[in-house]
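Peer 1: If you're matching them up, the sequences are chains A, B, C and D in order.
The working numbering applies: residue 4 is where the first sequence begins, and numbers increase by one.
The working numbering applies: residue 4 is where the second sequence begins, and numbers increase by one.
The working numbering applies: residue 4 is where the third sequence begins, and numbers increase by one.
The working numbering applies: residue 4 is where the fourth sequence begins, and numbers increase by one.
Wrong hints could be hidden among the right ones.
Identical copies carry no separate label here, and so any pair may be met within one copy or between two of them.
Cut-off 27 Å, straight-line C-alpha distance, at most; resulting in silico cross-link-like pairs (DSS-like, lysine-lysine) [unchecked claim]: (1) LYS44 / LYS90; (2) LYS79 / LYS123; (3) LYS123 / LYS44.
Simulated from the structure, these hints should not be mistaken for lab results.
There are 4 protein chains.
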Amino acid sequence: MSEYRFFHSIEIRYGDIDAQRHVNNARHFTYMEQARSKYIKALGLWEGSDFDAIGIILAEQSCRYINPIQLESDIKVGVRTVRLGEKSIETQYSIQDSQTGDELAVGQATLVAYDYQLRKSIPIPDDWRVVIASFDDI
Amino acid sequence: MSEYRFFHSIEIRYGDIDAQRHVNNARHFTYMEQARSKYIKALGLWEGSDFDAIGIILAEQSCRYINPIQLESDIKVGVRTVRLGEKSIETQYSIQDSQTGDELAVGQATLVAYDYQLRKSIPIPDDWRVVIASFDDI
Amino acid sequence: MSEYRFFHSIEIRYGDIDAQRHVNNARHFTYMEQARSKYIKALGLWEGSDFDAIGIILAEQSCRYINPIQLESDIKVGVRTVRLGEKSIETQYSIQDSQTGDELAVGQATLVAYDYQLRKSIPIPDDWRVVIASFDDI
Amino acid sequence: MSEYRFFHSIEIRYGDIDAQRHVNNARHFTYMEQARSKYIKALGLWEGSDFDAIGIILAEQSCRYINPIQLESDIKVGVRTVRLGEKSIETQYSIQDSQTGDELAVGQATLVAYDYQLRKSIPIPDDWRVVIASFDDI
Chain A
4 MSEYRFFHSI
14 EIRYGDIDAQ
24 RHVNNARHFT
34 YMEQARSKYI
44 KALGLWEGSD
54 FDAIGIILAE
64 QSCRYINPIQ
74 LESDIKVGVR
84 TVRLGEKSIE
94 TQYSIQDSQT
104 GDELAVGQAT
114 LVAYDYQLRK
124 SIPIPDDWRV
134 VIASFDDI
Chain B
4 MSEYRFFHSI
14 EIRYGDIDAQ
24 RHVNNARHFT
34 YMEQARSKYI
44 KALGLWEGSD
54 FDAIGIILAE
64 QSCRYINPIQ
74 LESDIKVGVR
84 TVRLGEKSIE
94 TQYSIQDSQT
104 GDELAVGQAT
114 LVAYDYQLRK
124 SIPIPDDWRV
134 VIASFDDI
Chain C
4 MSEYRFFHSI
14 EIRYGDIDAQ
24 RHVNNARHFT
34 YMEQARSKYI
44 KALGLWEGSD
54 FDAIGIILAE
64 QSCRYINPIQ
74 LESDIKVGVR
84 TVRLGEKSIE
94 TQYSIQDSQT
104 GDELAVGQAT
114 LVAYDYQLRK
124 SIPIPDDWRV
134 VIASFDDI
Chain D
4 MSEYRFFHSI
14 EIRYGDIDAQ
24 RHVNNARHFT
34 YMEQARSKYI
44 KALGLWEGSD
54 FDAIGIILAE
64 QSCRYINPIQ
74 LESDIKVGVR
84 TVRLGEKSIE
94 TQYSIQDSQT
104 GDELAVGQAT
114 LVAYDYQLRK
124 SIPIPDDWRV
134 VIASFDDI
């Protein structure tokens, strides 16, 4: 596990830029969320339209800012799972310049499998476990 | 009907400011939406938590920008209904400097009563009609 | 002048979806802003990074909502100029399903040429006038 | 240093709510940013309007989610500095229910003093150091 096997390109919006004239710090989490949702969909874990069916919630996340992201930047976000606990999924993110591959920010998020009917965390479904472990070779 | 009887104060967020260093033009619609949701709640037409119960959808809206809104501005948004059609509710908005009363922007939105179960527009419920007409004296 | 000659694709973000589970109404203006900024750049009127150089401000804008936009929708935004006044630029927008071409929303915005140094509106620069009139055949 | 001496109330906006029908996870960072900007202003470190004068940048931040925040929640954000390095300021955040004091989320951010003219990090100005240390008793 040393590389990202999944990347999703993000188009920076004019509205993402704040008064400091680079991407607002909270948008990095929006970018990671967007890439994560595409990763989950690419792995076949969510079909993309039933919002009551997404069995994951966010327990914790962080971002380390390396370089400001400019409006004209061309970026992609790498997503990978690095560890599967009983109920938790540890994911990492790398926001990169698509041209140079330079890291502009790195992030991390702990997801927890969740049953929206029972309103409590649940063990990661076996089929999720198999698909994720296989995709990211963990 | 010449005055606003309902005002809601909005705290401008650092994140509302764009690269031009004033409030981004799309945020005016967020401010109007926020004030409208408080107006609807104040009139007792929505209790504030059941998202499948809100019987209104937005058919059309506009905003005219008079003066840029700064991060340090202290603003309030006036909301009023100016006309009740069979299925539509015509609303107007005035974004004002709370100190001076100067208008910074004015807006308008046409709302339509909607049945989320039937997935179609419906006549405005009579109790809504009575409450709104009474409040805004139309 | 009956067609759009410029289209820009927008990727809908998970974060664009609101409690009603479709794209929040204010985001339509973000989409139009984004498409407009690409249109302005495509026409060579702005190079994309000097925020003090954008000589336009927004005087007024509106949106008419035709169909809700879903997270999984694949959309593009058409932008065109329909009229050049002495100081104002009338633009129109069509948010369409990229697959079917169905209109999901239409919008309109009045832009005004602006001198950030003098802090006042100015006549549309002649080179802008030529480029826009030629591109949109008006 | 066991309590927060600074709190800032946040009004949750309808537009902060996502498809899961609670506050979107990225908004927690917007709330922390907003509270931080008010904290910095309250301490007299920034006057609130000169965006080239803010001598701090964000090096890293995180959030741990304890309970979902609802549209109808009444919240406040505690901000405090827990450590002053040579160039860095370690801050913590507590997003609380204003009624019950229950923590809904906790966060942390590392700020770095920055000279926008020289474009590099700088030692924390002595007057900042005195004001912050005194306010938060560190």
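Peer 1: If a hint holds in the structure, say so; if it doesn't, say that too.
Peer 2: These are the hints, each one checked on the structure:
1. Taking CA atoms no more than 27 Å apart as the test, LYS44 paired with LYS90 passes inside one copy only; the shortest distance there is 19 Å, against 39 Å between copies.
2. Taking CA atoms no more than 27 Å apart as the test, LYS79 paired with LYS123 passes between copies only; the shortest distance there is 26 Å, against 33 Å inside one copy.
3. In this assembly of identical chains, the alpha carbons of LYS123 and LYS44 lie at most 27 Å apart only when taken from the same copy (23 Å versus 31 Å across copies).
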